[in-house]
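Those protein sequence lines, which keep their order, are chains E and W.
The letter at position 372 of the first sequence is residue 354 when you use the numbering used here, and the numbering goes up by one with no holes.
Just add 5 to wherever you are in the second sequence, counting from 1, and you've got the numbering used here.
Treat each hint with caution, since some may be false.
Derived contacts from chain W toward chain E, CB cut-off under 10 Å, selection only [said to hold, decoys possible]: (1) GLN29; (2) LYS363; (3) LEU386; (4) VAL392.
Label-pair restraints from in silico Cβ distances [said to hold, decoys possible]: (5) LEU108(E) x GLY333(W): 32 to 42 Å; (6) LEU108(E) x GLY409(W): 25 to 35 Å; (7) LEU108(E) x LYS336(W): 55 to 65 Å; (8) ARG152(E) x HIS94(W): 31 to 41 Å; (9) ARG159(W) x VAL237(E): 21 to 31 Å; (10) ARG156(W) x LEU132(E): 21 to 31 Å.
Since the hints were made in silico from the structure, they are not lab data.
Glycine included, C-beta positions come from ideal geometry on N, C-alpha and C.
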Amino acid sequence: MTDTLADSPGSGSGAGAGSGSPEAPGPHRPGAAERLRRALPALGSLQSYIGLVLVIAVGIATKGAVFWNQTNLTNAITAFASRGILAVGVTLVILTAGIDLSVGSILGIGSMTAAMLLVHHGLSPLLIVPACAAVGALFGFLNGVGTTWLKIQSFVMTLAMLSVVRGIDRQVSDNVAVGVQLIGPNGQPTRKADAFAKLGTPGHQLVSGSWLPLFGRAGVGYPLVAFFAVCVVFQLILSRTRFGRHIYAVGGNPVAARLSGVNVTLVVIAVFTLSGMLAGFAGPIDAAYSASADPLAGTGYELDAIAAAVIGGTSLAGGKGSITGTAVGALILTLLDNVLGLNAVSDNLQLIIKGLIVVVAVVLQRPGFLRGAVDPLARRIRSGRG
Amino acid sequence: MRPDEDVAADSAPPLLRMRDIAKQFPGVRALTGVDLTVHGGEVVALLGENGAGKSTLMNILAGVHADYDGVIELDGEPARIHSPRQAAHHGITMIHQELNLVPELSISDNVFLGRELRSRRGTLDRKAMHRRTAELLAELGLALPPQRPVRECRIAERQLVEVAKALNGRLKVLVMDEPTSALAAAEVERLFTVIRSLARRGVGIVYISHRLEELKEIADSVTVLRDGGNVGSRDAHTVDRDELVALMVGRPLDNLYPRATEQRSEGPVRLEVSGLTFTPTPGQSGTALHDLDFTVRAGEIVGLAGLMGAGRSEVLESLYGARSPVTGSIKLDGRRYAPRSPRQAIRRGLALVAEDRKAQSLVLDNTVRFNTTLAALHRFLRPWRTVNRRAEKAAAAEQNAALGTKTASVETVVGTLSGGNQQKVVLAKCLLTKPTLLLVDEPTRGIDVGAKAEIHALLDRLAEAGSAILAVSSELPELLGICDRIIVLCEGRITGEFHRDPAHGPVAAQEAILSAAMARQAVLASGSTLLGSTHD
C-alpha cells in the first residue's frame, strides 16, 4: 500500500492539514483543541462533563466535606453500580436504534438466581456470577430473536419481556424475598455467604481478609470495580473492534450497513444478548448489596439506565453515543441522588428533578440546538413582515 | 384546442409566472434564472433530463423549498410561497410521483385531510364528507365508495383521489410529476380526459413527463430545462420530437463522457446470467423480473436502460444478494454463484453503488473514514478482531485521494460533504473491497456536472483496468456516453440490446432505446440488435 497523502502513517494524525497539502517536514501535531475535538465523540459529550462538574459543585457548596469524602462517594457509586452496569448494556442496544426495557426485570431474576444458588445449592460466588450472566444472556437472546426474526419492535418485545421475566421471578420466589446472610452452626456467617456479601460491599467496609484485599484497602469494592471494568471493556469493544463498528453502522443506517456486508440480524441479536448478560451479571451485585433478593428487585432500574445513556449523549435514533458518555451520565445520576439525599430533598421532589434533568440534557445535547430553535422562528418573522 | 387560448395569452396577466428562479443546494447549483409561465386553462409540459431541475422548480412552486431567489407571480401579483401551506393557500397543488396519501385512511378521509368537516357538536361530519367526496369522484369518472381505504385502490385511482383532494380545495395550478409512468393505456386516456376538463375550468396545469409522444396529445406548450436553466419553450402542437430531444440533451457528449479508447478489447466473460427471475413476495416492493439472460465481460461497461419501474435496480440488487427470492442460474468467472446476502456478494468480488446514496449507502452522521472502510474492515483486522486504525485511516485517505474526494480530512462527517463528494466516498467504499464486478445504480444522480465527468472518467479507467461494470442510469446520454453495450428493460423483461456504434448519432440511439423501453406489451425476444433499429 503506498501513501499518497500528507498523512504519514507514523504521525498518528495530521489529515486535518488537508488531504492535498504537501508532505510536512516533521510529523504534524494537531493542536490541543483539535485533539480534544476528535477525542470527544469517544469520551462522551462536553455537555455531560459540564453537568457532572455542576452536580459536584452543588454537592460541595451545600454539604462540603460531608459530600466530598471517599466514604460518601464510594457509598453513592456502589449503590448505583448495578444500574450503571445495566446502562452499559442498554447503551449498546440504543446505539443500534433499539431500546431495552427488560433489563430491570432481568437484573431481578439475576439477583433471585444468585440468592437461590447460594442458599439452596451452596454454590461459590465464582460460579454464581457467570451463571446469572448466562441466565440474563438467555433472556436477552430471546429479545434479539423477537426483534429480528419475528420483526417485533424492540420497545414492544422488551416490554413484554419485562413482564414475563418479572412474572417468572415472582413465581419461582413465591413472592418472598430470599436473604443471603447465611449463619453457620458457629453463629458466624458461612464462608460462602461472607464471600457473596463482598460482591455488594463498598471497599472501605471490607474487613481485612480473603477476597480482593487490594481493592479493599484502596477503598474500592467489587461493585465499583465491576462497573468500571464493564465500562472499559465495552468502550474498547465499541471503539476498537469490528463488532463495535458494525453496531454504529447498524444504528446509523441499517440499509447501508446491510449493503456493506454487515450481518445486521446477528449484530442486533448480539447487542440484546449482551444487554441481557450484563443485567444478569448485575443481579448478584444487587442481591449482595441489599443483602437479599427481593422479587421486586430492579423494578424501574431500566429507566435509570436509559436516563444515564441519554444524559451521556447517546441518541435514541441510534448510531451516536459512547460508553464513556453513559458512564458520565450514570455518575451524574448517582451524585445527584446523593446530593439531593444529603440535602434531605423529599423523594417526590427528587423524581421531579431527575425527570427535568433528562429533558434539559437532551435539549442541550442537540447539535446547534440554539440555531435550530431560532432559525425557523427568524424565517417566520422575515417572511411575515417583509 | 381551447377557444379562449389567444385571448388569455394576450390580455390578462398570466395565471402563474415564475421569474428568474434560482436555487442553491449545498455544493450544487440546482437552478439559475429559470422562467416559467402558465396561463389559466393551459397545459404546460415541463421537459428535461433527470437532474435538469424540473423537480426543484416544482418543489419551489409547491413551497417545499423555503429558500430560493426570484419572483413568483399569481395573476400578476407577487406571491410569497415559502411553505406548502402558503402554496395551498394560493391554490397550488402538486401531485408527486410517489403519491402523498395516507394508505390506511379512507378516500374521503384523505380528500378532507386537514380540512375535515365538523358537525355542530364538534365531531366529524362523515356523512357530509362522504357526500362531497362521492360528488368529486363522480366528476372525475371514478365509481368508488368514499369509505374505501386508499390502500385498496389501484395506482391510477389513487392519482385521481389526489386530484379530487386538490379539487376539494381552491385549485388554480395543478402540478403533475410523471403521472403516466405507472399507468396502463386506458388509464392514461382517462387521466387525460380529466386534465382536459380541468383545463376547461381555467386551471393551469404543469405536466412533467418523459414520454415525448404524449405531449402532442395533452400539452399546449413545452418548456425545456437543462442543467438548471431554461433552454427554450415551444408550441406543443407544432414542435417535432427530434427538436425536443436535441434541446434536452444539448450538451456535447464528448466532454462529459471521456473515454480512453473508443473500442475496448473484450475480456473473458465475468458474469453470465440465464433465466434470472425475481418475484416479489406480497408486501415487498419492486418490479418482478422475468427470465433475464445476459452476460458482462471483464473490461466492459454494460448499461441497463429503462423507465422507472422497469426493474433495473432489481437486477442489480438480485445480483448483489439484496433481493429474494431469486431463481435462475448465475455464473461468476464460470463458477456457480447463488447470492443470498450482500455479505456473500462482497466476498465473491461484487460491489454495489446503490441508487440512493443517503438512504442506502452512507452512514451520514459518521466520518469519511468510517464509511470508506465499512465494507472492507476485514482487511484491517488484528487479533481479537480489533481494527488497526492506523492502517484503516491510511487506506481511507489513500482511496479518497485517488478519487479526488474533496474533504478537510478523513475524520470529516460525511453528511457535511457535497453530493458529488459523498458519491466519491461511496465509490471509495466499494473500490476498497477490490471488486471484480462493480454494480452502479444512478452513479451521478443529483451531483453537479464537474463531479459527473470525474465519475464517468473513473468508471472508464476501471473498465480499462479490467473490471466488469453493470451500470443503471435514467439519463440516457450518460449510458450512451459510458457504456459499451446497453440492455433495455421494460416491465422486468429485456426488450432490446444495443452495441456501441459511434457511426450513428446519440440522438438516434436515444430514440431507439426509448422505443424499446416503452415497448409495453410488445415484449421482444432478447438478443443483439443493431443500433437504430426500432422495436414496436
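Do the hints match the structure? See the list:
Because the beta carbon of GLN29(W) sits about 16 Å from the nearest beta carbon in chain E, more than 10 Å, this interface hint is broken. Because the beta carbon of LYS363(W) sits about 8 Å from the nearest beta carbon in chain E, less than 10 Å, this interface hint is met. With its C-beta approaching chain E no nearer than about 6 Å, LEU386(W) sits inside the 10 Å limit, and its interface hint holds. This hint holds: VAL392(W) has a C-beta 6 Å from the nearest C-beta of chain E, less than the 10 Å allowed.
Checked against the hint of 32 to 42 Å, the pair LEU108(E) and GLY333(W) fails, with Cβ atoms roughly 57 Å apart. Take LEU108(E) and GLY409(W): their Cβ atoms lie about 59 Å apart, and the range 25 to 35 Å is violated. Checked against the hint of 55 to 65 Å, the C-beta distance between LEU108(E) and LYS336(W) comes to roughly 56 Å, which is consistent with it. Distance hint check: the CB atoms of ARG152(E) and HIS94(W) are about 59 Å apart, inconsistent with the given range 31 to 41 Å.
Distance hint check: the CB atoms of ARG159(W) and VAL237(E) are about 28 Å apart, consistent with the given range 21 to 31 Å. Between ARG156(W) and LEU132(E) the CB atoms are about 23 Å apart, so this pair conforms to the stated range of 21 to 31 Å.
Figure legend: structure checked against the earlier numbered hints; hints not met, in rising order: 1, 5, 6, 8.
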